[in-house]
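Visitor: So the chains spell out like this:
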Amino acid sequence: MVGLSEGEKHFIRGGIAQDIRTDGRKRLQFRALSVETGVIPQANGSARVRLGATEIIASVKAELGKPSILHPDKGKVSIFVDCSPTAEPTFEGRGSEELSTELAVALQRCLLGGKSGAGAAIDLSSLIVVDGKVCWDLYIDGLVVSSDGNLLDALAAAIKVALSDTGIPKVNVSLSAANDEEPEVDVSDEEFLQFDTSSVPVIITLTKVGRHYIVDATSEEESQMSSAVSVSVNRHGQICGLTKRGGAGLDPSVIFDMISVAKHVSQQFIGVLDSEIAAAEAEADE
Amino acid sequence: MEYVNPLTGFRVDGRRPNEMRQLKAEVGVVARADGSALFEMGNTRVIAAVYGPREIQNKGQQVNNKEALVRCEYRMAEFSTGDRRRKPKGDRRSTEISLVIRQTMEASILTDLMPRSQIDIFVQVLQADGGTRSACINAATLALADAGIPMRDIVTSCSAGYLCSTPLLDLNYVEDSAGGPDVTVGILAKMDKVTLLQMDAKLPMDTFESVMGLAIEGCKAIATYIREVLLENTKRLEYQRG
Numbered sequence: 001m002v003g004l005s006e007g008e009k010h011f012i013r014g015g016i017a018q019d020i021r022t023d024g025r026k027r028l029q030f031r032a033l034s035v036e037t038g039v040i041p042q043a044n045g046s047a048r049v050r051l052g053a054t055e056i057i058a059s060v061k062a063e064l065g066k067p068s069i070l071h072p073d074k075g076k077v078s079i080f081v082d083c084s085p086t087a088e089p090t091f092e093g094r095g096s097e098e099l100s101t102e103l104a105v106a107l108q109r110c111l112l113g114g115k116s117g118a119g120a121a122i123d124l125s126s127l128i129v130v131d132g133k134v135c136w137d138l139y140i141d142g143l144v145v146s147s148d149g150n151l152l153d154a155l156a157a158a159i160k161v162a163l164s165d166t167g168i169p170k171v172n173v174s175l176s177a178a179n180d181e182e183p184e185v186d187v188s189d190e191e192f193l194q195f196d197t198s199s200v201p202v203i204i205t206l207t208k209v210g211r212h213y214i215v216d217a218t219s220e221e222e223s224q225m226s227s228a229v230s231v232s233v234n235r236h237g238q239i240c241g242l243t244k245r246g247g248a249g250l251d252p253s254v255i256f257d258m259i260s261v262a263k264h265v266s267q268q269f270i271g272v273l274d275s276e277i278a279a280a281e282a283e284a285d286e
Numbered sequence: 001m002e003y004v005n006p007l008t009g010f011r012v013d014g015r016r017p018n019e020m021r022q023l024k025a026e027v028g029v030v031a032r033a034d035g036s037a038l039f040e041m042g043n044t045r046v047i048a049a050v051y052g053p054r055e056i057q058n059k060g061q062q063v064n065n066k067e068a069l070v071r072c073e074y075r076m077a078e079f080s081t082g083d084r085r086r087k088p089k090g091d092r093r094s095t096e097i098s099l100v101i102r103q104t105m106e107a108s109i110l111t112d113l114m115p116r117s118q119i120d121i122f123v124q125v126l127q128a129d130g131g132t133r134s135a136c137i138n139a140a141t142l143a144l145a146d147a148g149i150p151m152r153d154i155v156t157s158c159s160a161g162y163l164c165s166t167p168l169l170d171l172n173y174v175e176d177s178a179g180g181p182d183v184t185v186g187i188l189a190k191m192d193k194v195t196l197l198q199m200d201a202k203l204p205m206d207t208f209e210s211v212m213g214l215a216i217e218g219c220k221a222i223a224t225y226i227r228e229v230l231l232e233n234t235k236r237l238e239y240q241r242g
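Going down the list, the protein sequences come from chains D and X.
The letter at position 266 of the first sequence is residue 266 when you use the UniProt record's numbering, and the numbering goes up by one with no holes.
The letter at position 165 of the second sequence is residue 165 when you use the UniProt record's numbering, and the numbering goes up by one with no holes.
You may find that some hints are simply not true.
Far from chain D, by Cβ distances over 12 Å, these chain X residues were calculated [unchecked claim]:
#1 A49
#2 Q62
#3 R75
#4 R92
#5 D153
#6 T166
#7 T195
#8 A201
#9 T207
#10 K235
#11 E238
Output of the computed footprint for chain X on chain D, the stretches with three or more beta carbons under 8 Å from beta carbons of chain X [as the list claims (entries may be wrong)]:
#12 59-72
#13 142-149
#14 233-242
Note that these hints are calculated values from the structure, not bench results.
None of the values given here were measured: they were computed from a predicted structure.
Note that CB positions come from ideal geometry on N, CA and C, so glycine has one too.
Sequences and hints are given; from them, build the entire structure.
Guide: Okay, structure coming up:
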């Protein structure tokens with residue numbers, strides 16, 4: 001909940017119009033990003049991402065399961081988001097359910113592609129162990145520990161980092177089993193397969209305040225927004241998903257303009273994120 | 001299963017019977033909360049955040065207008081346990097622990113100094129490896145102190161158990177699930193008063209005394225540590241102010 005006086009609101013809007021925001025940033029500038037990997041030892045992969053005062057912990061757990069009948073050659077990935085009341089007292093009890101679901105669905109849209117699994121940012125066929133019988137189920141959990149706006153971008157970044165930290169155990173399948181029997185699987189606890197995360201997109205949310213739009217809005221700035229467009233872009237500049245939020249309508253030409261700006265910003269952001277991941281991994285190795 | 005090695009006297013994780021897991025605490029981890037803290041006991045890791053004292057949000061909850069209203073919510077992260085399972089929010093165990101933490105903290109907060117206001121304590125378990133109840137209380141104490149809320153004393157909590165005819169301090173998950181008695185004690189460190197006492201399973205009277213004594217020793221050790229952390233934090237703040 002953000003309580004702002006008329007003067008403060010005017011100051012925020014005026015700052016955005018003049019390309020210098022209340023914290024001194026330009027309109028298309030992100031807050032300081034910090035990344036830590038391996039924060040949850042029990043998970044296959046985990047990460048903590050801080051974007052200003054927004055803090056996210058993401059974990060990836062892999063379990064052996066059965067692929068669905070419709071897609072026998074693909075593994076399954078599910079994404080859940082939980083907003084802890086530590087971030088905001090209004091998230092207490094069931095208060096965060098709506099927001100959590102909204103964020104989880106937006107992430108699914110951007111990372112998992114359509115119903116058929118086509119166009120998924122995560123290569124689902126790499127999760128298969130035995131066609132039609134055994135596959136990996138990936139459970140991706142995002143926990144919002146502290147919230148100061150721009151949760152979706154931070155969550156997507158945290159998931160990308162957690163996936164790059166993920167090691168999926170190597171599985172040996174004994175082929176002797178007959179066709180209709182359950183194949184015997186032996187999960188190795190020493191050998192791990194690294195996950196290819198080069199194609200996992202980042203999400204860039206452009207928040208429209210007044211006549212201009214900004215990236216990485218704080219919660220004060222978000223309270224002044226008329227609408228927001230979240231674009232997920234991968235390394236090759238391809239758009240993997242799109243969500244528009246907020247009440248006010250947008251002119252289609254503005255939307256195209258926002259997408260091209262998001263594409264441009266995303267390439268810088270991916271660069272920053274990649275170098276942070278490399279630094280975090282180097283630190284974890286020591 | 002041997003929980004205490006009969007030859008060496010060491011426990012499953014290599015500790016001595018009266019040895020606590022490694023403690024780690026950090027104050028001010030949630031930027032936007034009024035007070036917050038991270039507390040680790042071995043692999044158990046919890047975050048506590050305090051909001052308040054502030055105006056009562058729901059007037060119906062106000063008990064009387066002479067004291068502050070203290071509220072608490074305990075939540076476990078989806079990934080905090082070894083096997084991942086989705087639990088509905090507000091299951092009975094969480095509700096019970098929320099209540100225990102609230103009552104324990106209420107005993108030390110000077111509620112009569114802040115009439116017509118409310119204090120929210122939120123604890124979030126990031127990793128559970130036994131003793132989450134104790135870790136949450138310790139984290140809540142630090143967070144309340146960080147928020148500058150007047151308290152009578154520091155509340156600390158620690159658990160102890162009894163396995164293989166040996167009293168054991170600070171049980172981890174494996175020892176906790178062994179089925180032996182688990183005594184959780186919370187004390188007001190300086191005033192030397194017990195504010196929380198829980199035990200499951202049965203235990204002879206004289207053994208109980210020694211187990212509880214061990215848990216109290218643990219609480220005191222934690223209190224010393226918490227005081228050190230707070231002192232360090234205050235020094236840092238003073239240094240920052242110049």
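Visitor: Give a verdict on every hint.
Guide: Each hint, compared with the structure:
At roughly 4 Å from the closest C-beta of chain D, the C-beta of A49(X) falls inside 12 Å, breaking its exclusion from the interface. For Q62(X), the shortest C-beta to C-beta distance to chain D comes to about 16 Å, beyond the 12 Å cut-off, and the non-interface label holds. Remark: the non-interface label on R75(X) conflicts with the geometry, its nearest Cβ contact in chain D lying 6 Å away (cut-off 12 Å). Distance check for R92(X) against chain D: the nearest CB is about 15 Å away, which clears 12 Å, and the non-interface claim stands.
Annotated as non-interface, D153(X) keeps its C-beta farther than 12 Å from every C-beta of chain D; the closest such distance is 24 Å. Look at T166(X): its CB is around 28 Å from the nearest CB on chain D, clear of 12 Å, so calling it non-interface holds up. With 12 Å as the threshold on Cβ separation, the claim that T195(X) sits away from chain D holds: the shortest Cβ distance comes to roughly 23 Å. Annotated as non-interface, A201(X) keeps its C-beta farther than 12 Å from every C-beta of chain D; the closest such distance is 27 Å.
Distance check on T207(X): its Cβ is at least 33 Å (rounded) from any Cβ of chain D, clearing the 12 Å threshold; non-interface status holds. K235(X), annotated as away from the interface, keeps every beta carbon of chain D farther than 12 Å; the closest lies near 24 Å. Interface exclusion of E238(X) from chain D stands, the closest Cβ pair being 23 Å apart, more than 12 Å. Closer than 8 Å: that is the beta-carbon criterion, and the segment 59-72 of chain D has 3 residues meeting it against chain X, so the requirement of 3 holds.
Remark: the segment 142-149 of chain D is confirmed as covered by chain X, as 5 of its residues place a Cβ nearer than 8 Å to a Cβ of that chain, reaching the required three. Only when three residues or more bring their CB closer than 8 Å to a CB of chain X does the claim for the segment 233-242 of chain D stand; here the count is 0, and the claim is violated.
Against the hints set out earlier in the document, violations occur for numbers 1, 3 and 14.
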